[in-house]
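Based on these hints, arrange chain B on the given structure of chain A.
Protein chains in written order, with this note's numbering: chain A, 1 to 691; chain B, 1 to 691.
Bear in mind the hints are in silico, worked out from the structure with no lab data behind them.
Glycine residues also receive a C-beta, built at the ideal position from the N, C-alpha and C atoms.
You may find that some hints are simply not true.
[Claimed, not checked] Rough simulated footprint, nothing fancy, chain B against chain A, three-plus residues with beta-carbon under 8 Å:
1. 313-327
2. 338-345
3. 526-536
4. 624-638
Protein chains: 2
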Amino acid sequence: MLPRGRPRALGAAALLLLLLLLGFLLFDWRLRGAAALDGDPLAGPRDSNPSDCGPQPLPPPKCELLHVAIVCAGHNSSRDVITLVKSMLFYRKNPLHLHLVTDAVARNILETLFHTWMVPAVRVSFYDADELKPQVSWIPNKHYSGLYGLMKLVLPGTLPAELARVIVLDTDITFASDIAELWALFAHFSDTQAIGLVENQSDWYLGNLWKNHRPWPALGRGFNTGVILLRLDRLRQAGWEQMWRLTARRELLTLPATSLADQDIFNAVIKEHPGLVRPLPCVWNVQLSDHTLAERCYSEASDLKVIHWNSPKKLRVKNKHVKLFRNFYLTFLEYDGNLLRRGLFGCPSQPPSGAEQLQQALAQLDEEDPCFEFRQQQLTVHRVHVTFLPHEPPPSQPHDVTLVAQLSMDRLQMLEALCRHWPGPMSLALYLTDAEAQQFLRFVEASPVLAARQDVAYHVVYREGPLYPVNQLRNVALAQALTPYVFLSDIDFLPAYSLYDYLRASIEQLGLGSRRKAALVVPAFETLHYRFSFPPSKVELLALLDAGALYTFRYHEWPRGHAPTDYARWREAQAPYGVQWVANYEPYVVVPRDCPRYDPRFVGFGWNKVAHIVELDAQEYEFLVLPEAFTIHLPHTPSLDISRFRSSPTYRGCLQALKDEFHQDLSRRYGAAALKYLPALQQPWSPARGS
Amino acid sequence: MLPRGRPRALGAAALLLLLLLLGFLLFDWRLRGAAALDGDPLAGPRDSNPSDCGPQPLPPPKCELLHVAIVCAGHNSSRDVITLVKSMLFYRKNPLHLHLVTDAVARNILETLFHTWMVPAVRVSFYDADELKPQVSWIPNKHYSGLYGLMKLVLPGTLPAELARVIVLDTDITFASDIAELWALFAHFSDTQAIGLVENQSDWYLGNLWKNHRPWPALGRGFNTGVILLRLDRLRQAGWEQMWRLTARRELLTLPATSLADQDIFNAVIKEHPGLVRPLPCVWNVQLSDHTLAERCYSEASDLKVIHWNSPKKLRVKNKHVKLFRNFYLTFLEYDGNLLRRGLFGCPSQPPSGAEQLQQALAQLDEEDPCFEFRQQQLTVHRVHVTFLPHEPPPSQPHDVTLVAQLSMDRLQMLEALCRHWPGPMSLALYLTDAEAQQFLRFVEASPVLAARQDVAYHVVYREGPLYPVNQLRNVALAQALTPYVFLSDIDFLPAYSLYDYLRASIEQLGLGSRRKAALVVPAFETLHYRFSFPPSKVELLALLDAGALYTFRYHEWPRGHAPTDYARWREAQAPYGVQWVANYEPYVVVPRDCPRYDPRFVGFGWNKVAHIVELDAQEYEFLVLPEAFTIHLPHTPSLDISRFRSSPTYRGCLQALKDEFHQDLSRRYGAAALKYLPALQQPWSPARGS
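Pulled out of the complex, with its shape left as it was, chain A reads as follows (with noise of 0.2 Å):
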């Protein structure tokens, strides 16, 4: 019974009631989710109730810059790293700075592909790991990724002070959500709280997986350094570089190593000062290891937001559920990059360095040119990826010639052959989509013949685009070529198997380069069968072409491409002889790396060539024609590109326009000296002609 004559204080009471439910309605609802956070960090995911682990966290503010670092070194985790940051930018609505430390070879890919991939509200900086490696090298590691992995641990220090907040990725994740989502957790960390991680999704820290297994100290299962939400500032401030360093030191006294890299010391400082941790929801890093606890975590969740492949098998992982993450990563391996160049709805953002003027001469084309595509095409600013695969660059020689040409995927089955003709470096440049570029990955590893050369760099472009850019792609090939001299070839010729040793010895002989400024002259011929039995020395050559089983190249649609050739004077010749620049003129040559560009003005079929020879003869290189040299082209089936300009008379008059252009550069640039190539320009284009 309630005692009478109080009403106010009964009102009161009733109040204070009401109150107590709002508040904790109200609060019921703001902490639902941290409640899984709050409790037992160490509790498996299954006890934590997974489906409610992944609460709705507030999104961070609209357009906030968030930032993510990554350390990346060597071919293969550039790749990884990639396709990271595809899954990555498909899902975000915010502007991303990523922080990038890598190793030489991974900062030259990384860097060219960012600079052309120009995706709005992207900012990229680069830290050098070679200099971070003193401070890391003194600490024994087992782990698969080796001195790199260790990186992680001194970010504090190297990223920028001013810098307070940064998501750490391995290379070796997918996300399957927007990283907004995953920034907002930081907004759950307690005062003191400083690393935000994911418990450890497998047995390894308990120590019980096999006999004598002896783990680093961990907090129960440990934690998953894969994703890690750091709060730059507060570890400064908490003195991190000894706390870990003290750590490590301490431990491996009775230990030998790590063997889980930077995870093994993470969980030895949070074992010590568990305060510094703020366990954050399973979906947020599901870990594909060996031997996966995951499932408890994903199998309820109906929402998965970071896959995880640690395990040194990554996709070949055995796992029931495998197929399902691979799909998600297969996704973003193929997935065409160049339509993430898409800018956020509603942010302002720096458009990236070149995007601004590339826009406004886009927008001043005319679409009713009949020449637009052209147009366009020309202005494409291509992604492009050097180095695709492993490359190690033969030592520097003073007369090594790298073979430069350019392919699609239709003429792959050409490598094989080209590398057992060509044993010197090359630098070949693939136009490809993504997933085709999977696929010539694939191809490469199942090819043992490709697979154990290590001296052919492979720059993917991306394809973008109608018309094939030529010369776009001749230029990053020659770009890349890290040799004195290259050799510039096409991909549908196979040089003379002495062709590599006889050039370096040429260039030697000939002194190119200090004395001369010449182009070598290899002559060339083609076959119109697929067998065919290749002449192993000019003597069997000559004898073929006697036989009528070989003919001088585009004997029969074009003499005059390589006419000035002099064919006669070579079969007889015992010395190297100069010629002269005539119209046409396309002859396959050797030149000092440093040489003229090609146009990139030509794109699809058509004059490429031919402008380029015109502008070494311009720039008065002198062509000198080998004796012992030769190169023959084989047959193929005819491009797609060129079967379009054979039955289109307005590619031809579109190829004529260009031509006029390239002129008035010339006289621009030559001056009066140009007028000799104005007859050429001006004669119309044979179709029948092809490249």
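Coordinates of chain B only, in the frame set by chain A:
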């Protein structure tokens, strides 16, 4: 100043204040999003604050089945629907039931597609659009969607009576988010609302777009019906069928026709019964029509949910942000649909028909088996999109012949020549990725020769796995041939110009089918030269043969494949002559459409045609060589598959295993008669042979 001596009242007042404050906070949160929904539905998107117009509704119960209805007719709309479905499947986390109202063409395409796609947790029901036509054909309509657009009006009476709620989508919709979020908006309907719609994002219904523009009546800007949330139960209760008919009939007294099909009628009904409509946030139907005002919506939304390409220009619509939107569309247009064959996390669902047995068979394979790739490839069920492009089969004729062949991207160049050589119907299977299918589409559109042909059916079989499933492809093309006879050819052959007419005449003269079970042999030749003038008659062919410019097919590498055709006899023959089966015979033949299928176990290269000819012989087909028929193989770059075959003893070993199993099957089916084929099957395979 506070009155003294009333501490209790003071405390109560303070509590009240706190209570109000908390209550306010709580309700502010609960209703934040709903405010935009409850506001004036006709206010422009800007007025209703578009960045708020997509509040986070509670997600629908996990694993709830969502229903989607789409009206689809014809080849082109079928392609559109597939892109829409891909975008929906990519983001969905719920089981889906698709209700497809289709004409016969779309049904054939989509039924085959979904049957072979085998996406878990997707059910598809078909409804016959032709049966619905009488219900809407009385309505004069000027919209490009024709009669089919109007069929959305009759969905409440067409879909199952027990179905209460459905999302109705136009075919030109792309999802950029999870459809469950849209479904969740049903929860916002009041007790009487039955139709959820987004405001029309143009001034069309304001009637001020041009002089004398007289639109149908609508509330303000009206609503767009590209995305509809339908409470079917309520509409049925409200007498929807009478309702819309009455309104339409009345309006058609003064208006000549609907301009925007069903949308005009929906708007007229809503104007009369505004209580029916539930306005939806603008981001759920961002309309890129010609005079769109959508920018008001998307420019401030951080999150785009659904894009609607509701201009007749579709992707070519002029809009300064169209590139952004197009990237969403292209993402799914080119997305590998195989990757969507993934189950839902945590939602148990009936596996698609056949999927369980397939999974079991795949699970039983031994990954260590050197022929694992073969076994896996044989079991692969490829997604099939029949009649990918518009196709108009010629009227049925008793002796008509369809040319049947298969190809991949690297043989597209053959299509034009093939069309010139074969004026009759063709059924071609193309083995492509989703992205390549789009390249193929552009290739056909750009070719006047191909675009002019309506009697060539292109069936896309989507790539999956490392080996070319040559016989599965042949079977797809064969199954889709509509004439009584088929010419089983290969893509790199060009038939004699007269062959189509000659075959039909021969079939008639020989009385095939009714009287005789015969395979008509078309003798095969080859040229090794690209530049080759096709012989207009047998006389010229023989002259080229004698001159060494032509050979009988595989004369150098594998004469046995065609030797039984007896070329010497063919030279002189004036009438068809019978030949006997001999080991390794693999002629190109004309047979009735109901001939035995190819054995799908032969994947990659080798024995695929030989086994089919064995099957014909076992079924006692008589082989008749036609004296005036011939076909000529053109040279081409060797395919990647064949290069692999030639270099791999494992590959050849696996092929021998396939042959052994093939023979076991033959024995099972034909008993002792199969003994005849045993020696042929035990012969080792020659790597030089090829296909």
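So, going through the hints one by one against the coordinates:
| no. | hint | in the structure |
| --- | --- | --- |
| 1 | 313-327 | holds (count 3) |
| 2 | 338-345 | holds (count 7) |
| 3 | 526-536 | holds (count 4) |
| 4 | 624-638 | holds (count 4) |
Consistency with the previously given hints is maintained throughout, with no hint failing.
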